[in-house]
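With the hints as constraints, model all of the structure from the sequences given.
Sequential numbering from 0 applies to the sequence shown in numbering that gives the first Met the number 0.
Each hint should be verified, as a subset may be incorrect.
[What the hints assert, rightly or not] Keeping only pairs whose Cα atoms sit at most 27 Å apart, straight-line, the calculated DSSO-like set for lysine-lysine is:
no., residue 1, residue 2
1, K196, K162
2, K217, K184
3, K217, K187
4, K314, K221
5, K158, K184
6, K286, K296
7, K162, K103
8, K190, K160
9, K103, K113
10, K296, K255
11, K246, K235
12, K221, K286
13, K104, K158
14, K187, K162
15, K286, K314
16, K196, K158
17, K221, K162
18, K217, K286
19, K241, K296
20, K103, K187
21, K217, K160
22, K76, K113
23, K255, K314
24, K76, K104
25, K314, K226
26, K103, K190
[Claimed, not checked] With beta-carbon atoms standing in for the labels, derived distance ranges:
no., residue 1, residue 2, range
27, T52, N349, 41 to 47 Å
28, G317, D440, 36 to 42 Å
29, W222, D105, 40 to 46 Å
30, V333, K246, 20 to 26 Å
31, P249, E134, 51 to 57 Å
32, K241, S441, 27 to 33 Å
33, Y102, K241, 54 to 60 Å
34, N349, I224, 30 to 36 Å
35, I438, N198, 56 to 62 Å
In case anyone wonders, no lab produced these hints; they're calculated from the structure.
A virtual CB, placed ideally from N, CA and C, is assigned to each residue, including glycine.
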Amino acid sequence: MNKTIFSILLLFVTQIFITQPSKALEINCNSPVHKNKPRCKGEAGKPKKEETTLDPETGLMVIEMESDIEWAEQNPKIPYNNIVKLTSSFDGSVDYAVFDRDYKKDFSNSYNIKEYTILTKWTADYVHAIYFVKEGCSYFGCPNIISDEGNLSSPLEIKFKDKNFTLYGDDGRFTLPNDFINLVKNTKDYKGLAIRKNNRFVPMGEVTVEKLSQLYSKAIRKWEIPKISLNPSEVKNESSIKEIAGKSLPKVVTVKSSRGQGTGFFINNDGLLITNRHVIGSGTKGKIQIETATGAKLFANVIFVSREDDFAVLKIIGDNYPGSIPICYSSYPVPGEEVIALGSPRGLTNTITRGIVSAFRQSGNFEGYATSGASLIQTDAAINPGNSGGPLLNSRGEVIGINTFARTTTGGTQGLNFAVSIIDILQQLNVERPDLSGINDSSLNECGNIAV
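Dropping the structure here:
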């Protein structure tokens, strides 16, 4: 090219760049991240670093946001590498989370390089994980076209240090085992946290692990064990499923919180009910909404949470509530015994499923699960999302366990469902056996209730 022509072109291009006005970075002041910040109240358009504030309840430096933010999308406006305090407009409950976004490219096919993005929300109770896949990438970047996306499927494998955890969940959300929480809380080395996706480990950021360690050290509440008393109930030796359902369903409730909904049931006549921890979370502050089988609306306070065995105790506010379901507090179930699961799967209240006890297992044999101390009742009675926290009954209508989780894979094995033994839960709560003085021993059944 002629040097004169080249010089003219260079001068022309340079002049374009010089004369183009600079464009200020646009800030979306309607987003939960920015709308309450000074830049949106005063000089909009001048970006500032997200400010952290001291949370007086935990002593953590946090960024405050609403809990109903849209974070599970390709480009969410959320702060990474920070502890985020999330407050629910639904019930006023508070939760703390750390968000992480990590990438890994697959170079196995040089003609179609793929990039896997894992976006995670870590709390003191669960991890919610979603993924995005881009194809046609190069060594320098990827086209902004998503070829696949969604929630990570069950089971989810996470690894920290030299320990693996296999988690089962629904809709991309998986309850974190207490062993994992303690491992992260006590670590001094923040390397080594990864999630497996399509047989590939995607590492999480070290800053994420550091923030999680701080969160787990300060934001997990310690609960005092409440005083709970039980009374023996009158139970028929022979009852049909119809009779059991008629007596039990009015004492089973739907539990609603900012986490979603599950099931609970009354364990005594003092307004105490039990549900799963993962239904209400461990950091709940606000009132929990309770809906009875008749549609009546009640409210309850959380008075105890067990992180070891995924259960929580709630106390109804007021004195208008149903009575309790008989509790089998003296005898563990045996394989082959008929059982009935009650609950609200997918919001369908007053649902009954029937099956047998497939096995009785120690949770120590299930390394990596949320439940770590109590015995587990394995059953083929269906336990679906929403059944969590509901009662598992024997053929006399006595509670033998709390429905907790299904060990299933997406599109895979079905019928492996588990309930935490009610006896082990009562032992954790230091519940003494009912006073049976004045009751003829011959009238008591194997569960400790009065046979009629």
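Results for each hint:
For a cut-off of 27 Å, the pair hint linking K196 to K162 stands: about 17 Å separates their Cα positions. A distance of roughly 9 Å separates the Cα atoms of K217 and K184; the hinted pair therefore holds under the 27 Å criterion. Of the pairs offered as hints, the one joining K217 and K187 holds, with about 16 Å between alpha carbons and a cut-off of 27 Å not exceeded. About 18 Å separates the Cα atoms of K314 and K221, which keeps this hinted pair within 27 Å; it holds.
In summary, the hint linking K158 to K184 is supported, as the alpha carbons are separated by about 15 Å, within the 27 Å threshold. Restraint check: the Cα-Cα separation between K286 and K296 comes to about 12 Å, which is no more than 27 Å; the hinted pair holds. Taking the CA atoms of K162 and K103, the gap is about 21 Å. The hint holds against a cut of 27 Å. With a CA separation close to 8 Å, the supplied pair K190 and K160 stays within the 27 Å bound.
With a CA separation close to 8 Å, the supplied pair K103 and K113 stays within the 27 Å bound. Using a Cα cut-off of 27 Å, the hinted pair K296 and K255 holds, with the two alpha carbons roughly 11 Å apart. Using a Cα cut-off of 27 Å, the hinted pair K246 and K235 holds, with the two alpha carbons roughly 11 Å apart. The straight-line distance between the Cα atoms of K221 and K286 is roughly 18 Å, inside the 27 Å bound, and the hint therefore holds.
For the given pair, K104 sits about 19 Å from K158 by alpha-carbon distance, which is consistent with the 27 Å threshold. Between K187 and K162 the CA atoms are separated by roughly 16 Å; this keeps the pair inside 27 Å, and the hint holds. Proximity of K286 to K314 is assessed by CA-CA distance (about 10 Å); at most 27 Å being required, the pair is judged to hold. A hinted pair counts as satisfied when its Cα atoms are at most 27 Å apart, and K196 with K158 qualifies at roughly 12 Å.
Simply put, K221 and K162 have alpha-carbon atoms about 26 Å apart, close enough for the 27 Å limit, and the pair holds. About 23 Å separates the Cα atoms of K217 and K286, which keeps this hinted pair within 27 Å; it holds. Using a Cα cut-off of 27 Å, the hinted pair K241 and K296 holds, with the two alpha carbons roughly 25 Å apart. A C-alpha spacing of about 25 Å is found between K103 and K187, which places the hinted pair at or below 27 Å, so the restraint holds.
Of the pairs offered as hints, the one joining K217 and K160 holds, with about 22 Å between alpha carbons and a cut-off of 27 Å not exceeded. Simply put, K76 and K113 have alpha-carbon atoms about 24 Å apart, close enough for the 27 Å limit, and the pair holds. At roughly 14 Å between alpha-carbon atoms, K255 and K314 fall within 27 Å of each other, so this suggested pair holds. Between K76 and K104 the alpha-carbon distance is near 23 Å, which keeps this suggested pair within the 27 Å criterion.
At roughly 12 Å between alpha-carbon atoms, K314 and K226 fall within 27 Å of each other, so this suggested pair holds. Simply put, K103 and K190 have alpha-carbon atoms about 16 Å apart, close enough for the 27 Å limit, and the pair holds. Between T52 and N349 the beta carbons are some 45 Å apart, a value that agrees with the proposed interval 41 to 47 Å. Between G317 and D440 the C-beta distance comes to about 38 Å, which sits within the given range of 36 to 42 Å.
At roughly 45 Å, the beta-carbon separation of W222 and D105 lies within the given 40 to 46 Å, and the hint holds. In this structure the supplied range 20 to 26 Å holds for V333 paired with K246, their Cβ-Cβ distance being about 23 Å. A hinted range of 51 to 57 Å holds for the C-beta pair P249 and E134, which are about 55 Å apart. A hinted range of 27 to 33 Å holds for the C-beta pair K241 and S441, which are about 29 Å apart.
Checked against the hint of 54 to 60 Å, the C-beta distance between Y102 and K241 comes to roughly 56 Å, which is consistent with it. The supplied range of 30 to 36 Å is met by N349 and I224, whose beta-carbon atoms lie about 32 Å from each other. Range check, I438 to N198: Cβ separation about 60 Å, and the 56 to 62 Å hint holds.
Violated hints are absent here; each numbered hint is respected by the structure.
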